[in-house]
Amino acid sequence: MVGPAPGGGSPLENANPLIYRRSGERPVTAREEDDELPDSIDDREIFDLIRSINDPEHPLTLEELNVVEPVRVKVNDAESTVVVEFTPTIPHCSMATLIGLSIKVKLIRSLPERFKVDVHITPGTHASEHAVNKQLADKERVAAALENSHLLEVVNQCLSARS
Amino acid sequence: MLQEEEVTHLVLFYENRLKDHHLVIPAVLQGLHALSLCEVLAPGLAVSVLKAIFQEVHVQSLPQLDRHTVYSIITNFMHTREEELKGLGADFTFGFIQVMDGEKDPRNLLVAFQIVCDLILKDYVLGPFVEELFEVTSCYFPIDFTPPPNDPHCIQREDLIVSLRAVLASTPQFAEFLLPLLIEKMDSEMQSAKLDSLQTLGACCTIYGQKELQEFLPSLWSSLRREVFQTASEKVEAEALAALHGLSACLSRSVLSSDTEDLLDSFLSSILQDCRHHLCEPDMKLVWPSAKLLQAAAGASFRAGHRITSSIVPLLLEQYNQHPQSSQRRTILEMLLGFLEVQQKWGHEDEEESALLCSRAPLCSVLFSALTDPSVQLQLVGIRALTVLGTLPGLLAPPDVQLVVDHLTRLVLHADDSQSCVAAMEAAGSLAPIYPGAFSGRMVQRLAEELQSEREEEGRRSMQSLRARCLQALAAVSTHPGIVHETIPVLLQCLRQVPKGNVPARACDVVAVCQSLQQVAVQCQRDTESCWYYHQTVVPCLLAVTVQAAMQENAHSPLGKLLLEEEVLSAMVPVVSAASAHLCPELAAQSVSQLVPLFLDGEVSFLPQDSFPCPFQPFQGGQHVAAQRRLVALLMAFVCSLPRNVLIPQQDRLLQELLALSCSCDCPFTATAAAKCFAGLVNKYPAGQQLDQLLETAVSRMEAGLAEGPLRSQALALLLWVTKGLVLRYHPLSSRLTDKLLGLLGDAELGPAVADGFSLLMADSPDVLHKGCHADVRIMFRQRFFTDSVPKLVQGFHTAGPGVKANYLKGLSHVLNHLPRPVLVTELPTLLSLLLEALSCPDHVVQLSTLSCLQPLLLEAPHVMSLHVDTLVTKFLGLTSSPAMAIRIAALQCVHALTSLPVPVVLPYKPRVIRALAKPLDDMKRLVRKEAVVARGEWFLLGSPGR
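In the order they appear, the protein sequences are chains A and B.
132 is the number that the working numbering gives to position 132 of the first sequence; each next residue is one higher, with no gaps.
461 is the number that the working numbering gives to position 298 of the second sequence; each next residue is one higher, with no gaps.
Errors might be hidden in some of the hints.
To be verified - As a list, the in silico DSS-like pairs of lysine-lysine whose alpha-carbon atoms are at most 25 Å apart: (1) 285(B) x 214(B); (2) 134(A) x 74(A); (3) 214(B) x 249(B); (4) 74(A) x 1093(B); (5) 455(B) x 116(A); (6) 116(A) x 1088(B); (7) 249(B) x 398(B); (8) 1082(B) x 139(A); (9) 398(B) x 455(B); (10) 134(A) x 116(A); (11) 74(A) x 1088(B); (12) 1073(B) x 139(A).
Keep in mind that the hints were calculated from the coordinates and are not lab data.
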């Protein structure tokens, strides 16, 4: 479901991309340290889950490339839904599906099972937006993609903590 | 011992045997090796032996051990017969080349590389064989060797890399062959080859000159540039920058003859040409790599720095003005800061020639505009850049200095963001010693005015925070003796105002003043004179206000009470302690002769206040002395911080009074202060009969107090502190006292307090009995205490009744928590079973401290922990649903740490752990969910491709 893997010696599609500043760690509030008070899952918490995902091509995070932004993350804790829109750096980016898959896998691994996770491309920012969205929404295809050990390897690399 | 003649015969015999059947060769070589160690070898024989070996033996067809013997013979002769061997000329070099050509064994290579190094460094004649010698060694570059598992020879890849690098980078003669090889390997895909090439290039730069580099500079630059522009690895980037720094330094160093072109100039020009334009695109990815390249080259020498700075700084200033967005401006300013820091390295060289001199005015105006920008990030970088600029000589004109001080004062007082405010204070602290006049005249005065003024119109909260900022800033700026003389009176004035009651006071206000005073004290410690001024001014003032308050307490004045609160007195303790710890002995003696009589005899004459309503008698029995007794805390801060060689007058009387007070006072604060003071003095008391007697008295009082009565906990505090004082100095009585404590763990009433006391024994206490106050602290006291007490703790645990078992576990947890990791790892196998049991103990303190003990062990001793993986997984997962958040977090961190055990050990648990961690993902606390996400993510990667 994804094009050629990165790192095969081919030149980068976008060698000098725009980069954005990383937001700092979320400061811990006194409320969060209180044993008794519940903290609901909010947009920032979801954004913190995905902002440090590595780009498959660049040694940069999705946040630094502005592929994911806090305003494009919506969560409703009560109704257990999460919606994430991501923006490929260029409209023909061949990595769009891979990036979407990484975000989706990260959220599935990190959120309670009750959540329904919707990951799609920001409308109007990619040439084959519709096709990519369809693949990402299809549970069976996502599951099948993760059976492919090569693809799983690339996704895991995107999700590994940078040493 | 052999005679010279006998040796000659033997040598000739062995040389002839080299021509013999190949089966005898190993034995012959053994013989020659023994002879090569003889001191009485006749001149000429070494050469003939080597010639015979070179001629008759095909070394590379021998087994490894015999080849090693040949290398050893050569090494021996090179050590003892250097002149003779050099007589052989290039033949020796050629012979050796043939010997080592094709060598494969890493053990032999290490020796052979050493021989080549010696050949070059000791100036043997290489003759026409330079290229051959290079070929025969460089064919191993880059080293690609993985030691076999269970290798008994312990040769690491790194050993070979280092010794080969020493050969390759040993002579400029190799340059024409080596540089193309390095360029080729840098361009390869393998990261290890890249790293090795870059590091070798760096090593070469220390011995090469212009001549060697000239031809290759363009290709070297383009390879280095590519590594920094495109690499994904920070390590490669760092090495490439280091190599560029080396190249630039090498070119700067070379002496020019009159007709050659200055290569440094053209090299820097090409760097500037390739990098400069990227600096104009502050949003793009290449901006930082370009800046780093330029800074690496600029940092190599004054000349390089001058050339690059004078080209880049004006450009960046111009770019700053062209880019109005604050995020872009911040990037530009951060780069500018980097170049200023480079300049700082050479700033002292020549003031007149500084490359920044001509951009001084625009530079200042850019930095000032950053300080007034609404963006906090921009302000922060601006402050840092100004600090660097201020340390460069001659770059801030006096009017600019005043402007800087005014800006910093404004930020300190009015910045909306606390980060800017803190940064401005730090900047003031680092610039104040350079421009003391400007800071004391403008900033200190302004802060003092702010503190005095009472503005009603603003809200109380903003008043509070403004006051806090002024206090912090006064402390931060006190980094110069002249300024200290002005800030201390202001701070003390704030303190004196409290009892007079013109400000509605709270304890935290006084504490804030004390914190500032403490910071000043720490900053004064380096300077004897400031230190004495500080001590003389601050300590009597603190005592005067508190003594006054203690006497007024009877009148129930609320403000006086404030000064005697535990929180306030505890904040004064570090002030007095810091003011006293660094006094020189004479001055300390002077001060102690006033302070001790104050407490023992009520001598108030040295205090700045002259009339007190009643006598000061903290140690006398009396009706209203409870308040006065609290000031023992200040006495403790003073006498326990003095250097050990200062004699304390009436020490024995003082000790008796303290002992009595600690056992008889019903106020825990006073009793503990007296106990600490007693323990602090006992720790420094010279060993001998007097000390033993003193301790006997103390022990009998403690025993009496512990036996029964309302003051048991006071007696326990005394026991704990005295034990600590003695454990620290390895006093023999300490083990008796420790046993007493261990016995008390089984006490139903005191047990839990004793268990907590173990943390007091092991931890560094903040106010007494630490290195800073000159206590007698042996470095290994924790290990020693561990060895002495842990077997008893374990035994006690097994024999104790069910109600008190937890006390032993808690005590053990505290001891283990403070033990250095390496010791813990070696002691672990005997204790692990107990720790695992501790995980099931319902006490939260025990659980938490056990988890925090196990977590680092999982990372550092994976093999020992692997044996218990089943129990660990079960217990950790169980604790992830503990009612206490801190325990859930610690348990999840342990579950995370489990992934660092060997994969085959933990892999079978993967499905179970992943399933179990789904629950904490929905924990009600965010901090717990965060740890669960990290741990679960790591478990998903376990045994999966791409980890």
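Against the structure, the hints:
1. Under the criterion of a C-alpha separation no larger than 25 Å, the hint pairing residue 285(B) with residue 214(B) is consistent with the structure, at around 20 Å.
2. The straight-line distance between the Cα atoms of residue 134(A) and residue 74(A) is roughly 20 Å, inside the 25 Å bound, and the hint therefore holds.
3. Restraint check for residue 214(B) and residue 249(B): the C-alpha separation of about 13 Å stays at or below 25 Å, so the hint holds.
4. The suggested pairing of residue 74(A) with residue 1093(B) holds, with an alpha-carbon distance near 18 Å, which does not exceed 25 Å.
5. Of the pairs offered as hints, the one joining residue 455(B) and residue 116(A) is violated, with about 45 Å between alpha carbons and a cut-off of 25 Å exceeded.
6. Pair hint residue 116(A) plus residue 1088(B) holds up; C-alpha atoms about 21 Å apart against a cutoff of 25 Å.
7. Taking the CA atoms of residue 249(B) and residue 398(B), the gap is about 43 Å. The hint is violated against a cut of 25 Å.
8. Of the supplied pair hints, the one linking residue 1082(B) and residue 139(A) holds, its CA atoms being roughly 23 Å apart against a limit of 25 Å.
9. A distance of roughly 14 Å separates the Cα atoms of residue 398(B) and residue 455(B); the hinted pair therefore holds under the 25 Å criterion.
10. Proximity of residue 134(A) to residue 116(A) is assessed by CA-CA distance (about 16 Å); at most 25 Å being required, the pair is judged to hold.
11. A threshold of 25 Å between alpha carbons decides the hint, and for residue 74(A) with residue 1088(B) the separation of about 20 Å falls inside it, so the pair holds.
12. The hinted pair formed by residue 1073(B) and residue 139(A) meets the criterion: a straight-line CA distance of about 23 Å does not exceed 25 Å.
Going through the hint list in order, the structure does not satisfy hints 5, 7.
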